[in-house]
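Note that the protein sequences, when read in sequence, are chains A and B. Here this note's numbering is used: the first residue of the first sequence is 1, the next is one more, and so on. Here this note's numbering is used: the first residue of the second sequence is 1, the next is one more, and so on.
The set of hints was computed from the structure by calculation and includes no laboratory data. Where a beta carbon is used, it is the ideal one built from N, C-alpha and C, also for glycine. Do not take every clue at face value.
On the chain A side, residues computed to face chain B include the following (Cβ under 7 Å) [stated by the list, open to error]:
| hint | residue |
| --- | --- |
| 1 | Ile41 |
| 2 | Asn42 |
| 3 | Glu55 |
| 4 | Asn70 |
| 5 | Asp71 |
| 6 | Phe97 |
| 7 | Gly98 |
Derived DSS-like pairs: lysine-lysine, alpha-carbon spacing no greater than 30 Å straight-line [said to hold, decoys possible]:
| hint | chain 1 | residue 1 | chain 2 | residue 2 |
| --- | --- | --- | --- | --- |
| 8 | B | Lys120 | B | Lys108 |
| 9 | B | Lys128 | B | Lys12 |
| 10 | A | Lys118 | A | Lys80 |
| 11 | B | Lys13 | B | Lys53 |
| 12 | A | Lys118 | B | Lys108 |
| 13 | A | Lys62 | B | Lys108 |
| 14 | B | Lys123 | A | Lys62 |
| 15 | B | Lys104 | B | Lys123 |
| 16 | B | Lys12 | B | Lys53 |
| 17 | B | Lys120 | A | Lys62 |
| 18 | A | Lys80 | B | Lys108 |
| 19 | B | Lys108 | B | Lys13 |
| 20 | A | Lys80 | A | Lys62 |
| 21 | A | Lys118 | A | Lys135 |
| 22 | B | Lys12 | A | Lys118 |
| 23 | A | Lys80 | B | Lys13 |
| 24 | B | Lys53 | A | Lys80 |
| 25 | A | Lys118 | A | Lys62 |
| 26 | B | Lys53 | B | Lys123 |
| 27 | B | Lys104 | A | Lys118 |
| 28 | B | Lys53 | B | Lys108 |
| 29 | B | Lys120 | A | Lys80 |
| 30 | B | Lys123 | A | Lys80 |
| 31 | A | Lys62 | B | Lys13 |
| 32 | B | Lys53 | A | Lys118 |
| 33 | A | Lys135 | B | Lys108 |
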Amino acid sequence: MYWPEVRTMGFDPFTELRRLQREMNRLFEGFGEAEGGGPPINVWSGRDQIVVTAEVPGVDPKDLQVNVQNDVFTLEGERKPEEVGENVVVHRAERPFGRFARSIRLPYEVDGHRAVAKYRNGVLTVTLPRSESSKPRQIAVTAE
Amino acid sequence: MSARKEETAVEKKESSGAVELTRDQPVFAPATDIYERDDAVVVVCDMPGVDEKHLEITLEEGVLTILGYADETEPTDHELVYRGYRSGVFRRAFTLGTDVDPEKIRAKLSNGVLRVELAKSEKAQPRKIPVQAE
Chain A
1 MYWPEVRTMG FDPFTELRRL QREMNRLFEG FGEAEGGGPP INVWSGRDQI
51 VVTAEVPGVD PKDLQVNVQN DVFTLEGERK PEEVGENVVV HRAERPFGRF
101 ARSIRLPYEV DGHRAVAKYR NGVLTVTLPR SESSKPRQIA VTAE
Chain B
1 MSARKEETAV EKKESSGAVE LTRDQPVFAP ATDIYERDDA VVVVCDMPGV
51 DEKHLEITLE EGVLTILGYA DETEPTDHEL VYRGYRSGVF RRAFTLGTDV
101 DPEKIRAKLS NGVLRVELAK SEKAQPRKIP VQAE
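Just chain A, same shape as in the assembly:
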């Protein structure tokens, strides 16, 4: 946990409260904290890569945006509502729609340039290779 930076200008108690709440959530959930609503995500951590899967049914892959910055993974997109046309009676409307964006902190830094994202049957799978700088290095101990 880090100390909140002291802001003298434009202090908004509500923003501060929300930030505090986020920090508390993070404290309880560990690094796997996801912000915002949106599609459910699973994160798998391997030795040399991280695999993130998300359930995003009915989304055109063109409308999906995956961003990686250091160890933060962001998924953005839009689910379009069902086009029902005119003269219809809607009995049920449970499927969520609208814009979504969610970020999640990964266990280590990844190389976004070598990331591969695939979309199949409404499931997005993103493979993120570990960045060279975050790879553990063994240091040989020499006896003098």
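Using the hints, position chain B against chain A.
Just chain B now, with coordinates in the frame of chain A:
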């Protein structure tokens, strides 16, 4: 906790159907839109991870049953660090209030969304009765 709250709207609902499946996997009720046109009833289900080979749609005595298996392979040699969803079986049954023609059912699966169009039988379709002026 507003973020939490929004998520529950998307969360899969675990189904508590009376009939149990032989597979030991969680069973979910897919989020569904149903709407009715003059000529058809349309059922749209979110079934991420399901392909056409693992999908069964039956219509029996006015009950439409949808059953699908999410064919998702979990990566091996990886540790699950964050779980937002589970894969399993999608199952849901609907009693259709209107008469549908069993010969005219069309089902399409694309991008994990199933769309079933059930054409109404002739007698269930609304008919316009011309009024003659005398």
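Okay, the hints, checked on the actual structure:
At about 4 Å, the closest approach between the beta carbon of isoleucine 41(A) and any beta carbon in chain B falls short of 7 Å, and the interface hint on this residue holds. Annotation: asparagine 42(A) was flagged as interfacial toward chain B, and the flag holds, the nearest CB pair being 6 Å apart, inside 7 Å. The restraint placing glutamate 55(A) at the interface with chain B holds, with a minimum CB-CB distance near 4 Å, inside the 7 Å limit. Taking 7 Å as the C-beta contact cut-off toward chain B, the hint placing asparagine 70(A) at the interface is violated, the least distance being around 17 Å.
Taking 7 Å as the C-beta cut-off, the interface hint given for aspartate 71(A) is violated, the closest approach to chain B being about 12 Å. Checking phenylalanine 97(A) against chain B by beta carbon gives a least distance of about 10 Å; that is not within 7 Å, so the hint is violated. Interface restraint check: glycine 98(A) against chain B, minimum CB-CB distance 10 Å, threshold 7 Å, status violated. Restraint check for lysine 120(B) and lysine 108(B): satisfied, since their Cα atoms lie roughly 18 Å apart, inside the 30 Å limit.
Distance restraint check for lysine 128(B) and lysine 12(B): the Cα-Cα separation of roughly 42 Å exceeds the 30 Å cut-off, and the hinted pair is therefore not satisfied. Note on lysine 118(A) and lysine 80(A): the hinted pairing holds, with a Cα-Cα distance of about 20 Å set against a maximum of 30 Å. A C-alpha spacing of about 23 Å is found between lysine 13(B) and lysine 53(B), which places the hinted pair at or below 30 Å, so the restraint holds. A C-alpha spacing of about 22 Å is found between lysine 118(A) and lysine 108(B), which places the hinted pair at or below 30 Å, so the restraint holds.
At roughly 21 Å between alpha-carbon atoms, lysine 62(A) and lysine 108(B) fall within 30 Å of each other, so this suggested pair holds. Distance hint between lysine 123(B) and lysine 62(A) is unfulfilled; the C-alpha atoms sit about 43 Å from each other, more than 30 Å. Between lysine 104(B) and lysine 123(B), the direct Cα distance comes to roughly 14 Å. Compliance with the 30 Å bound is thereby established for this hinted pair. For the proposed pair lysine 12(B) and lysine 53(B), the alpha carbon gap of about 22 Å is at most 30 Å, so the pair holds.
This hinted pair does not check out: lysine 120(B) and lysine 62(A) have alpha carbons roughly 35 Å apart, beyond 30 Å. For the hint pairing lysine 80(A) with lysine 108(B), the CA-to-CA distance comes to about 18 Å; that is within 30 Å, so the pair holds. A threshold of 30 Å between alpha carbons decides the hint, and for lysine 108(B) with lysine 13(B) the separation of about 23 Å falls inside it, so the pair holds. Using a Cα cut-off of 30 Å, the hinted pair lysine 80(A) and lysine 62(A) holds, with the two alpha carbons roughly 12 Å apart.
Only pairs whose Cα atoms come within 30 Å are accepted, and lysine 118(A) paired with lysine 135(A) is accepted, the gap being roughly 25 Å. Between lysine 12(B) and lysine 118(A) the alpha-carbon distance is near 22 Å, which keeps this suggested pair within the 30 Å criterion. Note on lysine 80(A) and lysine 13(B): the hinted pairing holds, with a Cα-Cα distance of about 21 Å set against a maximum of 30 Å. Distance check on the hinted pair: lysine 53(B) and lysine 80(A) sit about 26 Å apart at the alpha-carbon level, within 30 Å; holds.
The suggested pairing of lysine 118(A) with lysine 62(A) holds, with an alpha-carbon distance near 12 Å, which does not exceed 30 Å. Pair hint lysine 53(B) plus lysine 123(B) does not hold up; C-alpha atoms about 34 Å apart against a cutoff of 30 Å. Proximity of lysine 104(B) to lysine 118(A) is assessed by CA-CA distance (about 35 Å); at most 30 Å being required, the pair is judged violated. In summary, the hint linking lysine 53(B) to lysine 108(B) is supported, as the alpha carbons are separated by about 12 Å, within the 30 Å threshold.
Between lysine 120(B) and lysine 80(A) the CA atoms are separated by roughly 27 Å; this keeps the pair inside 30 Å, and the hint holds. A distance of roughly 34 Å separates the Cα atoms of lysine 123(B) and lysine 80(A); the hinted pair therefore is violated under the 30 Å criterion. For the hint linking lysine 62(A) to lysine 13(B), the alpha-carbon distance of about 28 Å falls within 30 Å, and the restraint holds. For the given pair, lysine 53(B) sits about 20 Å from lysine 118(A) by alpha-carbon distance, which is consistent with the 30 Å threshold.
At most 30 Å may separate the alpha-carbon atoms for a hinted pair to count; lysine 135(A) and lysine 108(B) exceed this at roughly 45 Å.
In this structure, the hints that do not hold are numbers 4, 5, 6, 7, 9, 14, 17, 26, 27, 30 and 33, in rising order.
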